Amino acid sequence: MYDISVSIVTFSPSAPQLTDTLASLARSFESARSTGHCRKSLVVLVDNGPDPDSLMVIQESARLTLEGCSEVDLQVITGQGNVGFGQGHNLAITANSTYHLILNPDVILEEDALAMACVFMDEHPEVGLISPHAVSPDGRQQYLCKRYPSLLTLALRAWAPAGIKKLFDRRLSAYEMRSECESGSPFINPPIVSGCFMFFRTKLFLESGMFSPDYFLYFEDFDLSLRVGERSRLAYVPQVRITHHGGSTAQKGFSHVGMFTRSGKIFFQKHGIKIW
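Going by the working numbering, the first residue of the sequence shown is number 1140, and it counts up by one from there.
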């Protein structure tokens, strides 16, 4: 039985970035183990990449960072092709763990992140999913908790120039739950949390149906958050800290804008559309 299992889905990953992520994960495992919160753990790397080079990057990054860790098992899943973000994580899940972490390959964990997550879960049995305090590499806070989105809000965040966004700052601030996230205290039941770092009770993740196969990329975390909220409580825990090297959808090119639009349509068809 694992105390913590972790799944990371990659697609042609940057070798330095993945190595940094895994190194931070290794340090966080060791910290959690030293405080008695994680005796044995599992890391599952899912290779959604198109060529053998992706697998080589994963294997070398894992060798450099995880091989020397005490009581950390490693598994690599490859050969399935690009099945998408959510389905990749679904391939990795095992019922044989207490907690499961969905982790992006561009996230750096603070050394005590896993220990703090375990402490909070132990003290709050009603909570089944944790979202962390996140900053960008330049130190600016990222807001990983969200209210239910409207079409207008999503359009503003994705495509509006800075001047227009400033006119709608109150709306965007409310959507991103900025005041709650800047309070410095945990709060319960943000409706939606980001998929870059989702710390679950494994049993709840499985009982909630895992990620829906309806989404290839984008909105699968929105959909899962809402389903988890029907069974348990979500929590923002600022004592769990990460750095996230993430870019906006619009900056990633037209193909990502297309995937975002298609997934958004599926999400609103399932959960109800909100125009304004």
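Hints in this document: simulated from the structure, not taken from any laboratory. Just so we're clear, the structure is a prediction, and the values are computed from it rather than from any experiment. Ideal placement from N, C-alpha and C gives every residue a C-beta, glycine not left out. There may be inaccurate statements among the hints.
[Unchecked claim] Computed list of lysine-lysine pairs in DSSO-like fashion (alpha-carbon distance at most 27 Å, straight line): (1) 1409 <-> 1285; (2) 1305 <-> 1413; (3) 1342 <-> 1179; (4) 1304 <-> 1413; (5) 1179 <-> 1305; (6) 1404 <-> 1304; (7) 1305 <-> 1285; (8) 1342 <-> 1409; (9) 1285 <-> 1179; (10) 1413 <-> 1342; (11) 1285 <-> 1304.
[Stated by the list, open to error] Label pairs and their computed distance ranges (CB to CB): (12) 1155 <-> 1301: 42 to 52 Å; (13) 1299 <-> 1324: 40 to 50 Å; (14) 1415 <-> 1209: 52 to 62 Å; (15) 1287 <-> 1348: 11 to 21 Å; (16) 1218 <-> 1308: 41 to 51 Å; (17) 1400 <-> 1286: 19 to 29 Å; (18) 1209 <-> 1294: 24 to 34 Å; (19) 1199 <-> 1305: 38 to 48 Å; (20) 1199 <-> 1310: 24 to 34 Å; (21) 1155 <-> 1393: 18 to 28 Å; (22) 1324 <-> 1202: 39 to 49 Å.
Outcome of the hint check:
{"no.": "1", "hint": "1409 <-> 1285", "verdict": "holds, 18 Å"}
{"no.": "2", "hint": "1305 <-> 1413", "verdict": "holds, 22 Å"}
{"no.": "3", "hint": "1342 <-> 1179", "verdict": "holds, 17 Å"}
{"no.": "4", "hint": "1304 <-> 1413", "verdict": "holds, 19 Å"}
{"no.": "5", "hint": "1179 <-> 1305", "verdict": "violated, 48 Å"}
{"no.": "6", "hint": "1404 <-> 1304", "verdict": "holds, 23 Å"}
{"no.": "7", "hint": "1305 <-> 1285", "verdict": "holds, 19 Å"}
{"no.": "8", "hint": "1342 <-> 1409", "verdict": "holds, 24 Å"}
{"no.": "9", "hint": "1285 <-> 1179", "verdict": "violated, 33 Å"}
{"no.": "10", "hint": "1413 <-> 1342", "verdict": "violated, 32 Å"}
{"no.": "11", "hint": "1285 <-> 1304", "verdict": "holds, 17 Å"}
{"no.": "12", "hint": "1155 <-> 1301: 42 to 52 Å", "verdict": "violated, 30 Å"}
{"no.": "13", "hint": "1299 <-> 1324: 40 to 50 Å", "verdict": "violated, 31 Å"}
{"no.": "14", "hint": "1415 <-> 1209: 52 to 62 Å", "verdict": "holds, 53 Å"}
{"no.": "15", "hint": "1287 <-> 1348: 11 to 21 Å", "verdict": "holds, 19 Å"}
{"no.": "16", "hint": "1218 <-> 1308: 41 to 51 Å", "verdict": "holds, 47 Å"}
{"no.": "17", "hint": "1400 <-> 1286: 19 to 29 Å", "verdict": "holds, 21 Å"}
{"no.": "18", "hint": "1209 <-> 1294: 24 to 34 Å", "verdict": "violated, 49 Å"}
{"no.": "19", "hint": "1199 <-> 1305: 38 to 48 Å", "verdict": "holds, 45 Å"}
{"no.": "20", "hint": "1199 <-> 1310: 24 to 34 Å", "verdict": "violated, 45 Å"}
{"no.": "21", "hint": "1155 <-> 1393: 18 to 28 Å", "verdict": "holds, 27 Å"}
{"no.": "22", "hint": "1324 <-> 1202: 39 to 49 Å", "verdict": "holds, 40 Å"}
Comparing the model with each earlier hint shows violations of hints 5, 9, 10, 12, 13, 18, 20; every other hint is respected.
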